[in-house]
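Turn these sequences into a full structure, and let the hints steer you where they fit.
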Amino acid sequence: MRYSHTAVIERGASVDGDLATEPYEAGWAAEARWFVKVGAFDGPTVLAMQTEISPDGLVWIPLEEAVHTVSHAGMVSWSVRDFGQWLRLRLSTDEGETSPTVMVYLALKS
Amino acid sequence: MQGASAYGDVKLSRFNPLGRILSFDDFDRGVNGWCELLGNYDGLSNLDTVAHHMKDFRPPQLSTCTFFDIGTHGPMTGSYALKLATRPVAGHTATAIKRLTMVKRGRVQLEAYFTYSAEATVPGSQAKDAGWDANTHPSERKFGCITLGSDMADPEGVRYHCVARYMNTDLEGNLEQRWRYPVVVEPTPKEILERGKELDQVADFTAPNPGDWRILDERPQPLCYNELPTKVNWHYLRWTFDTGRRANVELQLNDRVYDMMAVPVPSYAERYAALDGLLNFYLTVRTHTATRNFLWIDSALISVDW
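Chains as they are written, first to last, in the working numbering: chain A, 8 to 117; chain B, 6 to 311.
It is worth saying that the hints were derived from the structure and are not from the lab.
One or more hints might be untrue.
Claimed, not checked - A few chain B residues facing chain A, derived, Cβ under 8 Å:
(1) Leu52
(2) Asp61
(3) Phe72
(4) Gly83
(5) Tyr85
(6) Lys88
(7) Ala90
(8) Val108
We put the beta carbon where it would ideally sit given N, CA and C, even for glycine.
Spelled out as C-alpha cells, the structure:
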C-alpha cells in the first residue's frame with residue numbers, strides 16, 4: 008500500500024508582501040501537491056505563489072515551474088515532482104495591496 | 006521484557022515495556038498517529054476561534070536527519086524519524102500528540118529513542134560564532150527544552166496531566182540541563198473562552214508562568230549534543246505514570262532514573278465532558294531564541310501493566 012500524508016503548512020496566515028513557509032521534509036514522497044485556500048481579498052491584488060526547494064532546509068531556490076497567481080478568493084492547486092527532499096512555498100503580494108489570508112496544505116504520496 | 010526473551014524481536018529488545026504493548030511506532034512507516042496539536046474551535050469550524058497560543062504547533066515531519074554538511078545522517082534504525090521543528094521565533098513550540106483512551110487504569114509507560122538539535126547557522130551568514138572552542142558549539146545554547154506531556158480524564162470526569170520537561174537552557178540561554186515539572190494544569194480553551202483573555206501567541210501552553218516549573222533534581226544531566234548541530238546521537242527515554250492513582254511514577258533518561266512518586270499531579274477543579282477515559286501523550290520542543298529547534302523520535306513504544 009502506498010503511504011500518503013497531508014500537512015497543513017500554514018493556517019490562516021496573512022500574506023503581506025512576502026511570505027516563505029516553514030521548511031517541510033518530504034524526501035520519502037514521490038509526488039506532492041499544494042492546495043492553497045485563499046480567503047476573501049479585493050482586487051487588483053494578485054497573489055503569486057512558487058514552490059521552492061533546498062538541499063539542506065537552509066538555502067532555497069525556486070523549483071523549475073511557472074509562478075502560480077490568483078486574484079480572487081477560492082482554492083488553487085498544482086502538483087510537484089522531482090523536488091528532492093525539502094519543500095516550501097513562497098507567497099507574495101504587491102506592496103501596499105490588501106493582504107489575503109491563506110491556508111496551505113501539502114498532500115504527499117509515496 | 007528481560008534478557009534472552011527480548012531477542013525474540015530485535016526491534017523490541019532495546020525497549021523495556023510493561024506487560025502489554027499498546028503501540029510500537031517505527032517512523033519508517035508513517036507518523037503512527039503522532040499528529041499536530043491544535044486548539045479547539047467553534048461549531049462553524051472558524052479557526053479564528055482557536056486560542057491564540059494554540060494555533061501554530063506545526064505539523065510533524067518524516068525526516069532522514071539530513072544536514073548541510075554531510076547530507077543524510079539517518080536515524081537510529083531504518084530511514085526515517087519523526088521530526089518536530091519550531092519556527093525561528095523565541096518561545097515557539099512544536100508538538101506531536103497521540104490520542105488513546107483508557108481500557109483499564111493502571112501503570113502506563115512511554116519509551117522512545119530521541120535526539121535534538123538547534124538549527125545550524127546558514128554558511129556565509131553574518132551570525133557570530135563567538136564561543137566555539139572546537140569542542141562545545143554555540144548552537145547548544147540555542148536549544149530550549151523538550152516536554153513530555155499527557156492529558157488524562159478518568160471516568161469520574163477528573164482531568165489531569167503528568168508532565169516532565171528537560172530544560173536544556175533557561176529562558177536567558179544559560180545551560181540548565183535539568184528536569185522540571187509543572188505544579189499547575191494547562192490553561193484550556195474553555196478557560197480562555199470563559200475568561201475572555203487570550204495568552205500571548207508564543208506562551209508556554211503547558212504552564213505559561215516560568216515560576217510554576219519546579220526542579221525535579223538539582224543535579225544536572227548533560228546530554229550528548231556532540232559538538233555540532235549536525236551530529237545527532239540517540240538517547241533512551243522511559244517515562245511511567247499511574248492512571249489508577251493519578252500519580253507520577255518514574256522517569257529514565259539513559260543512565261539516570263528519577264523517582265517521581267512524590268511529584269504532585271495537577272488536576273482541574275472543574276469537571277470536563279466529552280473526555281471520558283482520555284489518554285493522550287504529547288511531545289514538544291520549545292525554542293527560547295530566534296533559532297529553529299528540532300526534536301527527532303526514532304521510535305516510540307507505549308505499554309501498560311494490565
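Consistency of the hints with the structure:
no. : hint   : in the structure
1   : Leu52  : holds (6 Å)
2   : Asp61  : holds (7 Å)
3   : Phe72  : holds (6 Å)
4   : Gly83  : violated (11 Å)
5   : Tyr85  : holds (6 Å)
6   : Lys88  : holds (6 Å)
7   : Ala90  : holds (7 Å)
8   : Val108 : violated (28 Å)
The structure fails hints 4 and 8 (numbered hints given earlier, in ascending order).
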